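Enquirer: Using the sequences and the hints, build the whole thing.
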Amino acid sequence: MTTLLSLIDKVFDFSFRLMRPLPTLAVLAVFSVFTAVISLLVVRWTSDQKAIRRVKYQMGAHVLEVRLFPDQLRVVLRAYLTLFGNTLLYLRYALVPLLVLSVPLLFLFAQLEAHFGRAPVEPGHDFLVRATFQTVDSPAGAVLRLPPGLVQSAPPVHIPSEREVDWRVKAEQPGTYNIHLVLQGSEFSKRVVAESGLARIVSDRDRGGLWQQIVNPGEPPLPRAGLVEQIEIQYPLRVFRFRTWKIEWLVPYLALTLAAALLLKGALRTEL
Amino acid sequence: MTFAKKEERRIWYGTRQILRCTLVLLVMLLILAPAAHAYVGPGAGFAVLTSFLTLFLASVQAVFAFLTWPIRQCFRFLRRRRAYRKAKTKRIVILGFDGMDPELTERFIKQGKLPNLARLRERGTFRPLATTLPPISPVAWSSFLTGVNPGKHNIYDFVTPNRRRYLPELSSARIRGSKRVLRIGRYAIPLTRPQIKPLRRSTPFWHYLADAGVLCSIIRVPVTFPPEKFSGVLLSGMCVPDIQGTQGTFSFHTTRTSIRESASNRVVVPFKKHGAFFHSYIPGPPDTLRTDSTVELHAPFRVKPAASKRMANIHINGQRVAVSEGEYSEWVELEFRAGVGASIKGICRFYLKSVQPELELYATPVNIHPMHPALPISHPLTYSIYLAKLNGLYATLGLAEDTWALNDGFLGEDAFLEQCYLIHQERERMFFDALDKTTQGVCVCVFDITDRVQHMFWRHLADDQTSAAPQTGNGAGSVVEDLYKKMDELIGRTMEKMSSDSLLLIISDHGFKAFERGVNLNSWLHQQGYLALREGAASGDWFQDVDWSRTRAYSLGLNGIYLNMKGRESLGTVEPGAEAARLRTELCEKLRELVDPATSRVAIRRTFDAMKAYTGPYRENAPDVIVGFGEGYRASWDSAQGKVMPAVFEVNSKAWSGDHCIDPALVPGVLFSNWKITGDQHAITDVAPTLLNVFGVKVPLHMDGKPWAIQP
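Top line first, the protein sequences correspond to chains F and H. Residue -10 is where the first sequence starts when you use the working numbering, and the numbers rise one by one after that. Residue 1436 is where the second sequence starts when you use the working numbering, and the numbers rise one by one after that.
Read the hints as simulated data drawn from the structure, not as lab findings. No experiment lies behind these values; they were computed from the predicted model shown. Virtual Cβ for every residue (Gly too), placed ideally from N, Cα, C. Some hints here could point you the wrong way.
Here are the simulated EDC-like pairs of lysine to aspartate or glutamate, each with C-alpha atoms no more than 20 Å apart in a straight line [claimed, not checked]:
| hint | chain 1 | residue 1 | chain 2 | residue 2 |
| --- | --- | --- | --- | --- |
| 1 | F | Lys254 | H | Glu1770 |
| 2 | F | Lys39 | H | Glu1768 |
| 3 | F | Lys39 | H | Glu1765 |
| 4 | H | Lys1780 | F | Glu260 |
| 5 | H | Lys1548 | H | Asp1917 |
| 6 | F | Lys254 | H | Glu1768 |
| 7 | H | Lys2078 | H | Glu1970 |
| 8 | F | Lys45 | H | Asp1868 |
| 9 | H | Lys1780 | H | Glu1731 |
| 10 | H | Lys1525 | H | Asp1868 |
| 11 | F | Lys45 | H | Glu1768 |
Sample of chain F residues facing chain H (criterion: CB under 7 Å; computed from the structure) [as the list claims (entries may be wrong)]:
| hint | residue |
| --- | --- |
| 12 | Gly49 |
| 13 | Ala50 |
| 14 | Phe58 |
| 15 | Tyr69 |
Expert: Encoded structure:
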């Protein structure tokens, strides 16, 4: 599984490298269209297209029925009831493609979140490095070793109740760095991105299992037997600005995916 | 403002409000969506999102409807109470069977083959129903729905002559292109909708009833194209054109090279072989988006026959349609792509006639797509869409049963009959849905199959062995009998769905008689010196080579003779007034009791002077003389198409062996009812005033029909 995840990482890294000259929103649009195409193909191949079309037509007919026969109370109530039943039926037909789609889209989504979810730390601005340890005593002697370009801007803060130590760090120059947490002879690294542009930005490195590896792709998990449970970099959220609105990547991504799917469903002969 | 208009405005306002609210909610959802901290979104299935959207819209509408329901219901309750306060019943169902013959019905009832009609006759009413002059479906049904004589509704035949060009035009509607067109290079982009003008005059009874608050569901009543606005639902019937604008042009595709022809009602397209596929195309409408509108749009397709399986796969419009030999396909959606990205959608069925030795494929006329109608075929527009979504695609063409394909030998009897019943099944589904929805009010449905099948299979009736037409097909002798039995079953099923206090009327517009010999009225006029041909010229279709400067009268259509009148016809020779009256009388007298020398039978029983036979403002548009043929006779095929032949009489050798375009006294329709109807004379024009009377609505003074004395 680790090999597969590593392969997926490489594929996405390669894709993002290819699209480096494009603006961030354009890259997001490319992935939206890609998602739409994949989703349409999966829906087409895994669903009963005729049944979906039939039930959609039935739903349309009953909506029209309400408008056509508004004076007929019995007809209207029955139309609503049938409409509800047809909606459930439609969901049933959509269940199989939904389940099939959920697997590849989970990986896709994790990768997109890793690239679009967070913005890099800004050079010259402070950011927090937070380490969570296995026991209250574990942090004793923990040292954060910073590479050139990163400096500690305040003494570390130990919060025993949380089994946590926080360091305030500042990037002096743009770049991608590896910081090292040294504890009892063991060294735990974490990548810090402080340069503009699209890059894989993963805020957490955990010692979790497969799920953590999937949702936080890019860095190997912390050793299970180690004293450190998690190292977290507090990256700011990446937002897209549309005039005065600030929205996260999910909204334009969803909107673009839906738009692309609606536009392409005819060409790909898919009934949604 | 009429009630219908108010209602329409109210519905539109409601719809607009719902749309506006939905839009605002959607935009708000988009803007105010909180940051998602879990992996939901496309990963959780954008398929669900689509269904959610549907559910959401339905819910919004449901909530809106729920909140406003008490107010609307109070208003409607008051209106309904008023509408039905004076009504003798709250529900009337009318089943129209085009061409159901009273004599034949009587015979089958006596033989015990029609139990439901027998029950109606016993407990209610069975009478012959006087038809119109002439007894042709568009004329009779127009009188049915308006309650007036043809002089007031302006329909005298399927076609009417263009007085300037002496060419036929559809009598029920005039379709013209857009008035304003933007020309850019070779493209002509219409800026307004095409002009569709109804030519039928007078007001249908359902308009009066709808204004009084009575719900009316009108299914396929002839001469309702274009559909007129009223507060009810209507699907247009006979006279709806196909996608080419004709009354039905089928196409036939063959590998045979001997057939290459194109006529007004058919196009034969040879297949071209490329590899394993045979290529051809369905002819479509002219490309009106081009300045050169003679360019015809095509829907290309290719066929891969599988001779061993006796079937073929048709690849058309991105679909693969499998058809077995001797079978029809489902309705196939076609798209005719015009210039500048526009397209016109239609539907057709394929019938695979043979795979070997020759590949032969028949395609029905391309019907207007009920879900994407190129022309309005229903009111409201959404009604045709609703029916298609609910029951599947259906034939929309007015004369959907392709009698010409059988007449000309492109379809066999079995194939034609199958086509008729496929269309009939669609019609039944529509009717029973309308019946189900019309719990109060009037539900009318006209079934055409009775007319088409009798036209084509009359020669197989046991007591009619005189026809010269070929008698082919297996078991064809019982086709008409089986048809009547099926209609009786349909009536039985309808009665099961009706309460005893509802009124059921079963009517037909005319009866039927054999059509054995044709009378060429134009030949007779030519021989008598009323119609002249150019020197040395032989006549062609549509008065080709007629010398109008020496012609005083001509015949067009099935029963009419027109005077070549000065000031009306572009090359008129007959003075209106006294001369015209004299000529009308002269023609009437000469034609009356015209005897066929070959059989010594009376070919023309009666003739009618239009000025005496009709009353009303449109009498001037009528044929000047209407011919009432005797039994066994009708206007010949050539005569109807304005062609002069050497002989006046000719044998009808076509499969079209039954007809009704004769003396109306010989072909009355039927009237059945579950209520008692008293009185002696019952005519089709009486139906409209009777319905108004039953609902307590005042009968307009202009109606010619008289309400029947009717009681449960």
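Enquirer: Against this structure, judge whether each hint is valid.
Expert: Okay, the hints, checked on the actual structure:
no.: 1; hint: F/Lys254 / H/Glu1770; verdict: holds (17 Å)
no.: 2; hint: F/Lys39 / H/Glu1768; verdict: holds (15 Å)
no.: 3; hint: F/Lys39 / H/Glu1765; verdict: holds (14 Å)
no.: 4; hint: H/Lys1780 / F/Glu260; verdict: holds (19 Å)
no.: 5; hint: H/Lys1548 / H/Asp1917; verdict: holds (9 Å)
no.: 6; hint: F/Lys254 / H/Glu1768; verdict: holds (17 Å)
no.: 7; hint: H/Lys2078 / H/Glu1970; verdict: holds (16 Å)
no.: 8; hint: F/Lys45 / H/Asp1868; verdict: holds (19 Å)
no.: 9; hint: H/Lys1780 / H/Glu1731; verdict: holds (14 Å)
no.: 10; hint: H/Lys1525 / H/Asp1868; verdict: holds (18 Å)
no.: 11; hint: F/Lys45 / H/Glu1768; verdict: holds (18 Å)
no.: 12; hint: Gly49; verdict: holds (5 Å)
no.: 13; hint: Ala50; verdict: holds (4 Å)
no.: 14; hint: Phe58; verdict: holds (5 Å)
no.: 15; hint: Tyr69; verdict: holds (6 Å)
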